[in-house]
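S.K.: The task is to assemble the complex, starting from two chains supplied on their own in separate frames and drawing on the hints.
Going down the list, the protein sequences come from chains A and B. Counting with our numbering, you get residues 30 to 500 for the letters of the first sequence. Counting with our numbering, you get residues 519 to 741 for the letters of the second sequence.
Because the hints were derived from the structure by calculation, they are not lab data. Glycine included, each C-beta is placed from N, C-alpha and C at the ideal position. Just to be clear, a hint being listed does not mean it is correct.
[As the list claims (entries may be wrong)] Here are the simulated BS3-like cross-link-like pairs (lysine-lysine), alpha carbons at most 25 Å apart as the crow flies:
| no. | chain 1 | residue 1 | chain 2 | residue 2 |
| --- | --- | --- | --- | --- |
| 1 | A | Lys191 | B | Lys530 |
| 2 | A | Lys217 | B | Lys530 |
| 3 | A | Lys486 | A | Lys366 |
| 4 | A | Lys418 | A | Lys486 |
| 5 | B | Lys701 | A | Lys190 |
| 6 | A | Lys486 | A | Lys394 |
[Claimed, not checked] Residues from chain B that keep clear of chain A, each with C-beta distances beyond 12 Å, as calculated:
| no. | residue |
| --- | --- |
| 7 | Gln532 |
| 8 | Arg594 |
| 9 | Leu598 |
| 10 | Thr600 |
| 11 | Leu690 |
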Amino acid sequence: MLSQLRWRIAIPFAILVLLVSGITAYVANQPVCRGDPACLRITLWVGAGVMAITAVTLAFILSARITRPIKELTGATQRILSGDRHARIMRYGRDETGEFIRTYNQLIDQDSQIINELTEERDQLASVLAYMADGVIIADAYGYVRQVNPAAMRLLGTTEKKALGRPIAETLRHHQLIGLWQQCQREKEEQIAAVEVGRDLFLQAVVTPVMRRGSLVYLVILQDLTTIRRLETIRRDFISNISHELRTPLASLRAVVETLQDGALADPPAATRFLSRAEHEVDTLTQMVEELLELSRIESGRVPLKLSATAVRDLIQQPLERFRAQARRDEVQLVVKIPDDLPLVLADASRVQQVVNNLVHNALKFTPHGEVTVSAFADSDAPRAVRDKLAGAPPSVVIAVADTGVGIPAEDLPRIFERFYKSDRARTRGRGGTGLGLAIARHIVQAHNGRIWAESKEGKGSTFYFSLRTS
Amino acid sequence: MTRGVFEHQLEKLQELLLIMSSQVEGNLVATAVALQHADHTRSQELIEADAHMNAAYIHIEQTCLGLIATQQPKARDLRLITAVMTIGGELERINDYAKGVAKINLHLGHEPRLTAVADLCAMAEKARLMLTQGMNAFLARDAAQAYAVHAADAEIDALYTQIQQDLLAAILTNVQHTTQANKLMWAAHNLERAGDRIGNICERIVFLVTGELIELPTAVRPP
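The following block holds chain B by itself, in its conformation from the complex (with noise of 0.2 Å):
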């Protein structure tokens, strides 16, 4: 009985990650979006927001190492509640980063986007792709998708060297545009950061599946 006990609480840790990841999703396009249309009242939302993702994730840890001292996990159980936690981490500085791209959007005023602005939101919808489909991995314990999320990275990685090429040729054309290029390569490089982050959550579903805790270079191709 006390094994169907843990495992349900094994099942609701799951899910507290899950609502979190998802919310971490629903953010990372909402505050691309946001600061394409100058929406201020959306991005004000999405940085009040932060701190519910941060008690999100203290209640996570709480209840992971509530586990530890209650359970004495052993092997994979143990692996799950490690890699929970660490996810929940990896998810917390994410919505920071999303918190962070909002920021900028509230400095830039209502000035007219940069038209690179439309890759920033590509770059978003990436990333959020990327985190529905690592959560799918973390789900469906599937290693090969998790390497296969992570070596996506190198997708948005070339988005930010787009980005940042089309933001230098825009202050090349008009010096005005100077200020707006700055921050904007400022929230590119929020995101690409946040793609970093969903990469090292892949690496720690990878151990969650295999027990094995490596660091997966760029662009790896599954084994």
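So that you can see chain A by itself, here it is in the shape it has in the complex (with noise of 0.2 Å):
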């Protein structure tokens, strides 16, 4: 009973007024003061001064007593207020306040276990977001971005602080995201569409209203499609060039065939002649079957390469012998630059060879006259900017092709080296090849763990370079 506050105060009032009207009593019924009205009166002014002197202290003690452990309070939730989530009231009593105080403690307790599990959980979601390859942004019913992941900033090229709090628009920019963004708005269903964005950058759009908890969010999902599209046109060139490769023999040998029936074959001059140049059509088109065939076989790994440690003048000159006669007729230097000292390489001569036979048959064709010059360097000794190239290999020797030809447009440089890719169909057309030599080259390369570059500029002529491992 004693620690409920009614009686903590109750009872000392309880005690003072009993007190002071006991002695106030008692002084009143001295002989001195018996029948005296005077001392009656001034005694009992007195007694009721006391109390009333000692019912204000009291009252200030005992308000103070209940004011502490609010004050204690306003403190603490000041300081949670500021941050501080572990200020707790350490000391309180047994009474309402001490009570009160108890609830609070457990109240902030639960608090802040909460905000820690939401904490953890946003944090798993941030991280989620942050480290997610497709685009995330995050906008409200009226249109205005709230959440923007990294990877949607890159392909948007904005950054969060533009985006945030913005309207969408300025995020999307591009008239068909925003369109299917609008129409998302307008239909509350789902929209999904691919955009090319720019010419190198081509997007999966998906835009999804989620309610939740009664309020509309859009969220807008990019993925990048670039490099899947690169594939597809890649393959999609690859069949066009094959349709287009195996046909042009085709033809060629039809017109012959038509015009030997047509009665060509009774001029046997003319009979001969048609029948060298079908032989020459039927070779080109066995010559295309079969590096295709080459190609896949080495492709798919099935050829076994025959590694030992060969010397690199034995990989280039065999190759090299086979086109001097061409050379001289083109009126073309054919220049071999071989230092002594050269460290052996790890290769299997035969398919190595062959690389080093499709570089100089290209550089020749596209080198009207000038001069095609064959080098091999240690990587040590290369220059920067093909050391740059070889960062991270092991030890290599790099051998390089160099004409002073037509050159390759720097558009067409990083596909050179794909299956019938020719730079320039017209310029290229009359010049023969199957256009499979350096696809066969770089999978060869390849094969021997090695790398296989071009640099050129146009009218002034291209290199070709490729390093092999060391033995």
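M.R.: If you want it as structure tokens, here you go:
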């Protein structure tokens, strides 16, 4: 009973009243005062005065005791508000304020636990969003951006500062993306579309309306399909190229056969000429089919390489001999620069000779007159640009085939190692070739764990490099 | 609180303009590509879509007038509203030029296009880029960027001259090309005008940022 506040206030006052009125009654009963109304009045006044003063003092003391825990509570709450979530009141009695403080402490404990759980959940979501490859934008019902992840910022070229809290149109910018978003806003249904945002950015965009606890948010997901699209282009080009490459000799064969049928057979000299033409076309077709088979064998890894330590000179000399006559005829200088102290390389000689063969063949083909240089050097002696290309590779020897020919346009350079890719069809036609040489070269070099690349300036010539590991 | 509402309205207004400009950007490129591939369906769509752009402009204009009447904006806010109104008008005109190119495509029928049409596409792509960057400058309130975009109009003019020469050469080599070359000349002229309009938009952005209404000379250097 005594722990209750009202008794702790009431009892002191009751004692006070009893004590003072007792003393007053006692004094009034003394012989000095008895029968003297003046003394009696004074005694009563003094008693009342003492009671009043003591009551005020008591009230001050008691109220201070009551307000102290409240002040502590205010202080603790302020500390919590200013970020110290561990602020608690450790001192409390068993009265009502004590009870209140205990409950208050429990409330704060529970809250901070919930906050911890929510924070953890939010952090998890944030890291998922941050490391996702797809772009994600979350917009509220009015179309203001609430969240945007790094992938979305990268794809759309924006920053958090520019996007957050601004209308989503300012972030999307592209008319098809905005159109998709508007359509979703109108129809309240998921919208999907493939959008070409720039020449080198192809996105699949999904805009979904999500009802979340009574309020609508929009989720925009952007998937980068650029690579897939590029692969598709390569595949499509390959099909159209191979059809074209097969059709040309076939059409020519057909013309020859028809001419022979129409009477050229009766004219032996003409017939011989036509037959040799037919033979040439058949050779071209055969060579192409063989190279295709070869390519698919190398690509699928069915051709085991017979690697052995080989001198670089042996890899270059033999293919070059075959081109000497052709170079003399075309008035092209064939220069070889191989230092004597080159380390041996790990190579399948016949395969690498094929690479050199293809590269030199190309160089001669695109150099009407001038110079074709085949050189070799250790990676440590290589110029800086070459060393950069070899960053991270084991010690290697680089073989370079440089020409002073027509060169390759910059926009074609990344694609020349694709099957059938020919930089300028009008220009390369009539120079023969199946369009597979560089693709084969690349696969052979890669099977050797080497690297192959090209540099070129239009009109100045091209240089093809490939590297082979030293043994 | 009323300030907050007004600011929200200004943001929405800016968004309307941005949506309109993104549409015009798309239409500029689409109309040139349709011309290159003799894609009549696409051109027809673009011609019909012009009505939407006109409606979009009217909507923007009405919103601007409503804001001026009800909020009595001052200084920067007033400049923003008038700038949006003017830029909206320029965008509407640019889209008319895109529509003009689409009409030329329909006139040309299915005859194979002269090679100069590739440069026309490049011109449209340049114009689109200028417009995108111009709107970036608008969003960022960046006068220097607006100057830079304005200066890029010279590239469009250069392409225009190039196309004119190529088309003349095409006529000289084969008189039968005259009709097509003449029409392509018109298409190029349309795009060249579109570039000038984008220049006007840039002037308006400079006004919005600095409060100075100036006519930028071509190939101006940023201060």
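S.K.: Next step is simple, just say for each hint if it's right about the structure.
M.R.: Here is what the structure says about each hint:
1. A:Lys191 <-> B:Lys530: 16 Å, holds
2. A:Lys217 <-> B:Lys530: With Cα atoms ~20 Å apart, Lys217 of chain A and Lys530 of chain B stay inside 25 Å; holds.
3. A:Lys486 <-> A:Lys366: 22 Å, holds
4. A:Lys418 <-> A:Lys486: 18 Å, holds
5. B:Lys701 <-> A:Lys190: Answer violated: Lys701 of chain B to Lys190 of chain A is near 47 Å, above 25 Å.
6. A:Lys486 <-> A:Lys394: Cα-Cα ~16 Å, so holds.
7. Gln532: Non-interface label on Gln532 of chain B violated, nearest chain A Cβ at 7 Å vs cutoff 12 Å.
8. Arg594: Answer for Arg594 of chain B: holds, closest chain A Cβ roughly 18 Å.
9. Leu598: 14 Å, holds
10. Thr600: The assertion about Thr600 of chain B holds, with a minimum of 20 Å to chain A.
11. Leu690: With a cut-off of 12 Å, Leu690 of chain B remains clear of chain A, as the shortest Cβ separation is near 22 Å.
Hints 5 and 7, counting from the list given before, are not met by this structure.
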